[in-house]
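Protein chains: 2
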Amino acid sequence: MTSASFTNPIIAAGVSGLQALYADRAVTPVEAVDAYLSRIRGLDGALGAFVHVDEAGARTAAHASSERWRKGKALSPIDGAPIAIKANIAVEGMPWHGGVGAYRDRVAEQDAACVAQLRSAGAVILGLTNMHEGAFGAVTDNPWFGRTHNPWRHGNTAGGSSGGSGAAVAAGLCAAALGSDTLGSVRIPASFTGTYGHKPTQGLISLEGVIAMSWTLDHVGVHGRSARDCAHLLAAAVSADVDLAEEITRPAELDALASAPLAVLDLSELEGVSPAVRGALDAIVARGRAAGLDIEPLVLDFDFLQVIRDGVLISAAESLVEHEAALAARPEGFSEAYRRTLAIGEQASAPALAKAYRDLARAAESAREALTPYAGLLLPTTPGPPEPFETAAAASVALLTPLANVLGLPATAFPTGLHEGLPLSVQALAWEDDTALGLAQLLGVPFEAPESYRG
Amino acid sequence: MTSASFTNPIIAAGVSGLQALYADRAVTPVEAVDAYLSRIRGLDGALGAFVHVDEAGARTAAHASSERWRKGKALSPIDGAPIAIKANIAVEGMPWHGGVGAYRDRVAEQDAACVAQLRSAGAVILGLTNMHEGAFGAVTDNPWFGRTHNPWRHGNTAGGSSGGSGAAVAAGLCAAALGSDTLGSVRIPASFTGTYGHKPTQGLISLEGVIAMSWTLDHVGVHGRSARDCAHLLAAAVSADVDLAEEITRPAELDALASAPLAVLDLSELEGVSPAVRGALDAIVARGRAAGLDIEPLVLDFDFLQVIRDGVLISAAESLVEHEAALAARPEGFSEAYRRTLAIGEQASAPALAKAYRDLARAAESAREALTPYAGLLLPTTPGPPEPFETAAAASVALLTPLANVLGLPATAFPTGLHEGLPLSVQALAWEDDTALGLAQLLGVPFEAPESYRG
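Line by line, the protein sequences give chains A and B. Yeah, the first sequence ends on 585 if you go by this note's numbering, and it's all consecutive. Yeah, the second sequence ends on 585 if you go by this note's numbering, and it's all consecutive.
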């Protein structure tokens, strides 16, 4: 029987495991970073998770980290962790294009605030991950930078917009990664790649230095192979002005989780959710109840379809403002498909946009009220498994993810196991990051490496 | 020498004074309300401050209040205070039209949240005050409900949009009044009528039951003849879910005010502010320094003209959403001038609106940063004195008031004395309501009644 994880223990270790190996001096950050760089070199040609790799920079950072661990002066639990960054987040000296052709030659002059935070925690930046053009889509079949394949099935989407981050984490090409999530862009790839993806409380990670898709709905989030790995990366990435990062981002334990009732979304009125996903949610609820959690079905009066329409309109209008100069100067640097999406914003009137903002505010208010009696809500992450590229673009995969963006509340997507060889996922939405992460840790299945990437 | 106040001591007493008279059993609420109703009957025909008077309802409420005071069971310091309500705020059983013809036959089915709060504090509602159509303007020359004249000079504007509230307070037709303030609509009439007007911290008074001009920028505010009267009304009107209403709304005393430096807006780069207003601001600064305040000039990097343009666009777009159904069903119930204003929103694109929201958010962020070292900011309320109706519509009087709406911070407009027979005003913007009110109390001149309304 093959192990379900990576055969190389350095790769299998993830963020938390590496920390232990570094502390025990069993492995150095230089060795770990070399192992990851070597995998990227060997495997990413076919996978397409990275759009930029900085071998020299990563090695330099790894050497400095090795020195710190050697002296017992590690900066944080993620000191020396090999991390990948989504291509819309500025990393000094690297391209900063957000998957848009118009910016392909732009180099970031300084780190985004969250990257600066990661560096000051000792993280090693391996490079940049591929993404859906402009973050506006969930397929990551990028016209300028290529496709990111699903590590579970070549030819299928890894999701998006942070498809590269999800695939890189799943394939063991980085220990963890940053992504961004406007309407589900961290959680959808997490769902499709069998990994953990956490969209934090709005504002917990700064958006400074991140190309906006929608400043109203954007969040920087984290991808990892466990809730604990996500929590480590989150703790290191939170804004400098947020106190108690470590405490708010540690996954909550069972005692705390069992102290208040949870809700599970009643899906009976919701069309388009596959039977397999419904089954996965039921299984997770059963698992939670067996662990001692009180989980009650909740019919949420929330118009998921209207919210995604409003979210797309708001995102299109705000994206147009973000890209105004480049659209005027280099319109050919935006694909036709992307321009068609942005046209949704261009063709709408100001009152239509005002109405969309108001709709979302009202939807959030009523959902907030309905959720008040509960510590959290369990719901599927995506309505189905990842599709082949040929059909993926037509699928509405962001049906169940925008709720957390609209609420500004944390949500962790976690794997629930495979169905016909492809991962399924559930998300835990909660009032606090540690609750969402704790539920994911308690209820998610341990990360399994896709078979063709284990060796 | 004539007294500068009202000859009738009941009218001269204002909110705080009435409370003392009631407590001493020198006057009953029934007597006070009758005195006010009699003045409205005699004087409002020419003034035009009210659009609806509820004599029967006011007398019933006054009787109940008199009973409470007789038994020593007053509900609050404003129990029995005769209050007027701006016509865009719902008062059960009264018209609820917001100065718009299309709604002239609509009757409110229940009280706005703030009116319910006032009633539970024992306030007596005299009636509804006139306003600029749809709250969208600062003249209060209403095509459906007539002009509100300035009590200081018939034929001049009392400001707007809460012109009726300001005029009613100044002319002694109510003890205090509620208004609303989106870009200055409480403070501009306060400036033009020589009264005190306070726009509270955003959200302190609920907007539930108030016709929206812009849900992004709307605030319910209070009009009174002193900072203390404003504070009493504010304390009674704050949302039921806000704690410590009494404490956050008591004007701060000198000791507290002198404990941190204040800023005064450097007007040297600002065009359109009259010499008289500049002189009034200088005099207030001198008065503050003499009282022991540390007041430093501040050049604020804030594009006042761009902000008013953005504010108007946002308000037009949001007003269109608010009035969508009525505009479709009864377009003839909106004046041509109002429809021209709303067209600003109709003709703008969604990205233009998104940009306006972003501009305002950025402007607020940078102003917030600049104000951080100071406890508050002194600046003129309006750029000049109230003009005759013939020229009033063309004047940009909302130049200096939107700053507080954009910041969501409290600001109190207070009178600084007369110039050529017309009032001038300065506003104190602060981080806390009690600071703004305290500065107004310390630096404002005592209310003076307009000569023709004293008797």
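By construction, these hints were calculated from the structure, which means they are not laboratory data. As the structure is a computational prediction, the values presented were derived from the model and not from experiment. Misleading hints may appear alongside valid ones.
Identical copies carry no separate label here, and so any pair may be met within one copy or between two of them.
DMTMM-like, lysine to aspartate or glutamate: derived pairs with alpha carbons at most 20 Å apart [unchecked claim]:
{"#": "1", "residue 1": "K201", "residue 2": "D154"}
{"#": "2", "residue 1": "K485", "residue 2": "E338"}
{"#": "3", "residue 1": "K485", "residue 2": "D433"}
{"#": "4", "residue 1": "K485", "residue 2": "D431"}
{"#": "5", "residue 1": "K485", "residue 2": "D164"}
{"#": "6", "residue 1": "K485", "residue 2": "E197"}
Okay, the hints, checked on the actual structure:
1. In this assembly of identical chains, the alpha carbons of K201 and D154 lie at most 20 Å apart only when taken from the same copy (12 Å versus 79 Å across copies).
2. In this homomeric assembly, K485 and E338 come within 20 Å of each other (Cα to Cα) only across copies, at 18 Å, whereas the closest approach inside a single copy is 27 Å.
3. For a Cα distance limit of 20 Å, the shortest separation of K485 from D433 inside one copy, 15 Å, qualifies, whereas the shortest one across copies, 27 Å, does not.
4. Taking identical chains as interchangeable, the C-alpha atoms of K485 and D431 lie at most 20 Å apart only when both belong to the same chain, with a minimum of 19 Å there against 31 Å between chains.
5. Taking the shortest alpha-carbon separations for K485 and D164, neither the intra-copy value of 52 Å nor the inter-copy value of 45 Å comes in at or below 20 Å.
6. For a Cα distance limit of 20 Å, the shortest separation of K485 from E197 qualifies neither inside one copy, at 56 Å, nor across copies, at 48 Å.
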